[in-house]
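**Student:** One-letter residues, chain by chain:
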Amino acid sequence: MIILKWLNSQLLKMEWLFNLIKLLVENVFGLSIEGRLGGSIHFFIYDVIKIFILLSVLIFMMSYIQSFFPPERTRKILGKFSGTLANILAALLGTVTPFCSCSSIPLFIGFTSAGLPIGVTFSFLISSPLVDIASIILIASIFNWKIAIAYVVVGVILAVIGGTIISKSNLEEYVEPFVYSSKVLENEQEELTTRDRIDFAKDQVLDIIQKVWLYILLGVGIGAGIHNWIPESYITAILGKDKWYSVLLATFVGIPMYADIFGTLPIAEALVLKGVGLGTALSFMMGVTALSLPSIIMLKRVVKMKLLAIFLVIVVIGILIIGYSFNAFGYLLM
Amino acid sequence: MIIKILGSGCKNCAIFKKNTETALKEVGIEAEIISVEDFKDIAAYGVMSTPALVINEKVVSSGKVLKPKEIVKILKK
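Protein chains in written order, with the working numbering: chain V, 1 to 334; chain F, 1 to 77.
FYI, nobody ran anything at the bench for these hints, they're computed from the structure.
Only a predicted model underlies this, so the values are computations on that prediction, with no experimental measurement involved.
All residues carry an ideal CB built from backbone N, CA and C; glycine is no exception.
One thing to keep in mind: the hints can contain errors.
Footprint (simulated), chain F over chain V, 3 or more residues, beta carbon under 8 Å [stated by the list, open to error]:
1. 62-73
2. 107-119
3. 172-184
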């Protein structure tokens, strides 16, 4: 138990790094980390280094696992199941299948033209940006394990319920017709060797870091700003636990934004430190990651307005419910 | 030989194209390289992850930026 606790605080929360940067800020810069400037410098350096270390290790592990689940295999597995079970599996596979918003369209077409129900595809599309292995561990590092697991569970439930509603509403006619007439390719990928998988994982680490480093710096920068420069009273006046509209506001500010979970977490972290409800911070994070203007615009090219609107409404309502429930019951997780 | 690279104009596709050119030079094959960027055309090949490589209308690889060495191997088949 003591060993686990030590691993958790040193490897996951990186207390050694916290203390190291504290020494740096106090002795080299001559600033107290209790002070404003010292505090934000400390938050920035510590969070940036921590996130980059965790991110590299996590993407490597995640990509290695993902190399076993290319979209072709996921499609094959999903085709064997039906009903809610298929939605549950789609949501779970969404957490391990390699996927970024830029490939959502070919994936949507590939799943749908192969005859998967659109509800199952939507379960996959909702869960895959929202929940993945890296985000679970990062949330555990910044908050704690209970919150991380609760986040995954509600994310998967949202994906299952959202997809099921879409399945039950018979919306197939609102998919652009060309999607159904697309060819289904059964190209059997050659079996990868362990070496291939390691190479793939390494490439993914470099690729993703190149894509997200700016978002992380921005996210941590904003987080450091919130952490030390904006008075708590301002923030709680808008986003405080007692404000009924806080979750609503956080969700709608988050939706149009395009960033990934790694850039968003430091902002959520700073908000929670400033007395914002956990649910409010999570709904901001979910709004940013699950929905964004670019992904909505891309989806619009393969589905008609009505289906797109239903999808958006379901996800937004889901995020709001999750936000309000975490605000109400979040104290059980802290 | 007609070679097509499927992918919606991302950075990876540019790297892929360069790698393909290098590979072609190495095996000494003259071929036309066409970039397919429209997602409808990409979907028509049934590809689910980009970038993908198509040789003479046959999809030979998808979801991976192949290195010149790997492309050479495919070209020699």
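**Student:** Looking back at the hints listed earlier, which ones does the structure fail to meet?
**Tutor:** The structure conflicts with no hint, since it agrees with every one listed earlier.
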